Each structure stands twice: as structure tokens, then as C-alpha cells.
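These protein sequence lines are chains A and B, in that order. The first sequence begins at 8 in this note's numbering and counts up one residue at a time. The second sequence begins at 8 in this note's numbering and counts up one residue at a time.
Just so you know, these hints were derived from the structure itself, not from any lab. One or more hints might be untrue.
To be verified - Here are the simulated lysine-lysine pairs, DSS-like style, with alpha carbons at most 25 Å apart: (1) A:LYS20 - A:LYS50; (2) A:LYS20 - B:LYS50; (3) B:LYS20 - A:LYS88; (4) B:LYS20 - A:LYS50; (5) B:LYS88 - B:LYS50; (6) B:LYS88 - A:LYS20; (7) B:LYS20 - B:LYS50; (8) A:LYS50 - A:LYS88.
Claimed, not checked - Some chain A residues close to chain B (C-beta under 7 Å, calculated; not the full set): (9) VAL16; (10) GLU44; (11) TRP79; (12) ALA86.
Predicted model, so just to flag it, every value in this text is computed and none were measured. Note that the Cβ used here is the ideal one computed from N, Cα and C, for glycine as well.
Protein chains: 2
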Amino acid sequence: MELAVNVLVSRFKAYASIDGSSDTLSRDEFCRLISSELPNFVKNAGDPAAIDQLMSSLDKNNDEERNFLGFWQLIGQLASKHGGV
Amino acid sequence: MELAVNVLVSRFKAYASIDGSSDTLSRDEFCRLISSELPNFVKNAGDPAAIDQLMSSLDKNNDEERNFLGFWQLIGQLASKHGGV
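Here chain A stands alone, though its shape is the one from the complex:
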């Protein structure tokens, strides 16, 4: 399990490092990550409106950046739905 967790952390870091702050995902980084890495978890992963809705649910302070724990929470919700747990 530690290996799997490390994969998720390293992918988050890789996408967060594309532009600006390397600790958070910008709107563009988030879109890229979702469509490239979680295409089967997010229905309509290629649909900008669907991505917008997901992003808004994460971005509590409306600064258009998502930190790791917010991102992790979203993945958990997707995993819960997808995995039926």
C-alpha cells in the first residue's frame, strides 16, 4: 500500500510542478491530471464543464489552486463511488 500511496503523491507533485506553485494544482494542472490519469474515474473527463464542477468543489477559498489534501479528498470520493465502498 505504501508504494501505491507514494505513486499518488509523486503524480500530484509532478502535475503541481508544471507551473506556478509546486504545492498546489492550478486549474490547468488539475485538468491535465484528471484527463490523463483518471479518465475512467471521472465521467466526461474530457468535458471542460464536468472538470470545472469538480474543481469548484475542491477550491474552498476560490483562489483556483488545490492543495494535496483537497485533491486527496476528491480522489477518495471518486474511489468510493468507483469501488463501491
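Put chain B on the given structure of chain A with help from the hints.
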């Protein structure tokens, strides 16, 4: 990333299925999972007191069972500390 998420979901299910409800982790299931699967993430993973403290932080309604999202949240906190994100 989907593969890594699926590994975490399936490990949760495997441990949750050991006894009682297969949707939640009992105290014993939680101990086994932490000590077997996350030994490097949890300092003193073999120490019952440390595990007790972790469990209490998850078990919001004091029923000694942890559901997937509660479990996921804990892993995120450990991953954040461990991975420096």
C-alpha cells in the same frame, strides 16, 4: 494513478472483510492493516498505544468501526506528512 487508487481500495476491502462488516474496519482489522501495510508511514506502527490514538482520530461516532472515507482521510494525512506535500 487509477491502478494505485484501485490497490488502496482493494486492500481496504480485503482487511475490512476479515471479520464483521465488510464495509468498515474494526479495531483489529485496522491494527493489522496499519502494521502490515503502512509500517513506514506510521511511526511506532507496532505500538498499540500509537495505533489506538490513530483509531480514535478516525472513529467519529465511537462505534469502533472506520469506513472507507475516514480511512482514506487518514492515509492522506500520513501521505502528506511523509511526502512533504
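Verification of the hints:
1. A:LYS20 - A:LYS50: The hint holds at about 24 Å.
2. A:LYS20 - B:LYS50: holds, 23 Å
3. B:LYS20 - A:LYS88: Since the Cα atoms of LYS20 of chain B and LYS88 of chain A sit roughly 14 Å apart, the hinted pair holds (cutoff 25 Å).
4. B:LYS20 - A:LYS50: holds, 24 Å
5. B:LYS88 - B:LYS50: holds, 11 Å
6. B:LYS88 - A:LYS20: holds, 14 Å
7. B:LYS20 - B:LYS50: holds, 24 Å
8. A:LYS50 - A:LYS88: The hint holds at about 11 Å.
9. VAL16: Holds, about 4 Å.
10. GLU44: holds, 4 Å
11. TRP79: Hint holds; TRP79 of chain A Cβ to chain B Cβ min 4 Å, cut 7 Å.
12. ALA86: holds, 5 Å
Of the hints listed earlier, there is not a single one the structure fails to meet.
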